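Student: From first to last, the protein sequence lines stand for chains A and B. First residue of the first sequence? That's 1 in my numbering, and the numbers climb one at a time after it. First residue of the second sequence? That's 1 in my numbering, and the numbers climb one at a time after it.
The set of hints was computed from the structure by calculation and includes no laboratory data. Computed from a predicted model, the values in this text were never measured in an experiment. Possibly wrong hints are sitting among the right ones.
Which residues of chain B face chain A? A few of them, derived with a C-beta cut under 7 Å, are [what the hints assert, rightly or not]:
1. Gln16
2. Leu23
3. Trp26
4. Ile27
5. Val30
6. Gly37
7. Leu39
8. Ile45
9. Leu105
10. Leu156
11. Glu157
12. His223
13. Ile227
14. Ile230
15. Leu238
List of simulated lysine-lysine pairs, DSSO-like, C-alpha gap at most 30 Å [said to hold, decoys possible]:
16. A:Lys46 - B:Lys113
17. B:Lys18 - B:Lys92
18. B:Lys18 - A:Lys46
Label pairs and their in silico Cβ distance ranges [unchecked claim]:
19. B:Glu12 - A:Leu67: 28 to 36 Å
20. B:Gln10 - A:Pro45: 14 to 22 Å
21. B:Gln10 - A:Leu50: 40 to 48 Å
22. B:Pro142 - A:Trp58: 49 to 57 Å
23. A:Leu67 - B:Phe178: 46 to 54 Å
Don't be surprised by glycine CBs; every beta carbon is placed ideally from N, CA and C.
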Amino acid sequence: MLGTGITIWAAFQNFGKFNIVIALAIATIKASLVVLYFMHARYSPKRTQLVIVCSVFWLAIMLALTLADYDTRPREGCLAFANTCYHA
Amino acid sequence: MHRTGELYGQFETLEQQKESAALGMWIFLVTEVLFFGGLFLTYTINRHAFGTAFGVGSNTLDIRLGGGNTVVLILSSLTMAMAVWSAQIGKKQLVSIFLIATLALGSVFLGVKVVEYKQKFDHHLIPGYGFDIRYHSELPAPMDNPVEIAAEKEELEKAFAVDPDINAHAQLYFSLYFGMTGLHALHMIVGAGLLIWLIRGSFHGRFTPQYNTPVEIVGLYWHFVDIVWIYLFPLLYLIDRHR
Numbered sequence: 001m002l003g004t005g006i007t008i009w010a011a012f013q014n015f016g017k018f019n020i021v022i023a024l025a026i027a028t029i030k031a032s033l034v035v036l037y038f039m040h041a042r043y044s045p046k047r048t049q050l051v052i053v054c055s056v057f058w059l060a061i062m063l064a065l066t067l068a069d070y071d072t073r074p075r076e077g078c079l080a081f082a083n084t085c086y087h088a
Numbered sequence: 001m002h003r004t005g006e007l008y009g010q011f012e013t014l015e016q017q018k019e020s021a022a023l024g025m026w027i028f029l030v031t032e033v034l035f036f037g038g039l040f041l042t043y044t045i046n047r048h049a050f051g052t053a054f055g056v057g058s059n060t061l062d063i064r065l066g067g068g069n070t071v072v073l074i075l076s077s078l079t080m081a082m083a084v085w086s087a088q089i090g091k092k093q094l095v096s097i098f099l100i101a102t103l104a105l106g107s108v109f110l111g112v113k114v115v116e117y118k119q120k121f122d123h124h125l126i127p128g129y130g131f132d133i134r135y136h137s138e139l140p141a142p143m144d145n146p147v148e149i150a151a152e153k154e155e156l157e158k159a160f161a162v163d164p165d166i167n168a169h170a171q172l173y174f175s176l177y178f179g180m181t182g183l184h185a186l187h188m189i190v191g192a193g194l195l196i197w198l199i200r201g202s203f204h205g206r207f208t209p210q211y212n213t214p215v216e217i218v219g220l221y222w223h224f225v226d227i228v229w230i231y232l233f234p235l236l237y238l239i240d241r242h243r
């Protein structure tokens, strides 16, 4: 709950490009606390912990490889017209 | 298949049975992580491409309702964890109380979601025919704050200057908003059904320190749904608040 407060506060500040990084970092800390303590991952057998780590790992592969593809396309391949892209 | 009390024949001990059940649930949750992960990926790519439209769309959401709902859902996760704990130490009445509290908080969350969806219908923000991001600032309701409406109008003018097709691109944002929160709400409804089933079981005193696997498994599911919301909230509500 404290985390939620910090997230909302952080969203109204201007950290330039880093707003999204901060928001996701706080979300990840909150999610980790839920997994470790509410879901008892900390006290689970190694087998279960392996499954949890695998899920994060597969998700990371999916996100990283897809985004690497989009990020390395030439600009003409941008989904939107250049002027609507923040980073164009 | 023979069964001794709550112990099914293929297991040696209750402990082993419980660990297997938890492992199976975690494997199901892995598939859910990847399922929602695909949606988050779609969101990321489109937000990168249509940043202005996504920012404007995000700012139409009510942060008080969204933030309040986040607190409600984290509280419900807490009561769910307390229900699991009560079952483990054998306090049968507490199990019922905490399960009912979890169901109540989950229902509050869904009720607030209904209010938010209704608001989007009123403001012509449903993707499809009649979608107009300017509708609300042009025709505000009498109870709306004029200062906020003026700020919204100014923000929209700037956004239209950057992206003239913003009505098309904002529909993409709202499609993702309704798709992701709708799917999350569907998971909540399934969870509420499971809770009702658990509450019935707890009234019959079914959960003991030796056997409380159903409470624990549904707990895992409920916490997972909470985690999805922990990510949905900053990504959908808080894109562009700092301007």
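Student: Determine for every hint whether it applies to the structure shown.
Tutor: Hint check results:
no.	hint	in the structure
1	Gln16	violated (10 Å)
2	Leu23	holds (5 Å)
3	Trp26	holds (5 Å)
4	Ile27	holds (6 Å)
5	Val30	holds (4 Å)
6	Gly37	holds (5 Å)
7	Leu39	violated (11 Å)
8	Ile45	holds (6 Å)
9	Leu105	violated (13 Å)
10	Leu156	violated (15 Å)
11	Glu157	violated (16 Å)
12	His223	holds (5 Å)
13	Ile227	holds (5 Å)
14	Ile230	holds (5 Å)
15	Leu238	holds (4 Å)
16	A:Lys46 - B:Lys113	violated (38 Å)
17	B:Lys18 - B:Lys92	holds (19 Å)
18	B:Lys18 - A:Lys46	holds (15 Å)
19	B:Glu12 - A:Leu67: 28 to 36 Å	violated (46 Å)
20	B:Gln10 - A:Pro45: 14 to 22 Å	holds (18 Å)
21	B:Gln10 - A:Leu50: 40 to 48 Å	violated (22 Å)
22	B:Pro142 - A:Trp58: 49 to 57 Å	holds (52 Å)
23	A:Leu67 - B:Phe178: 46 to 54 Å	violated (24 Å)
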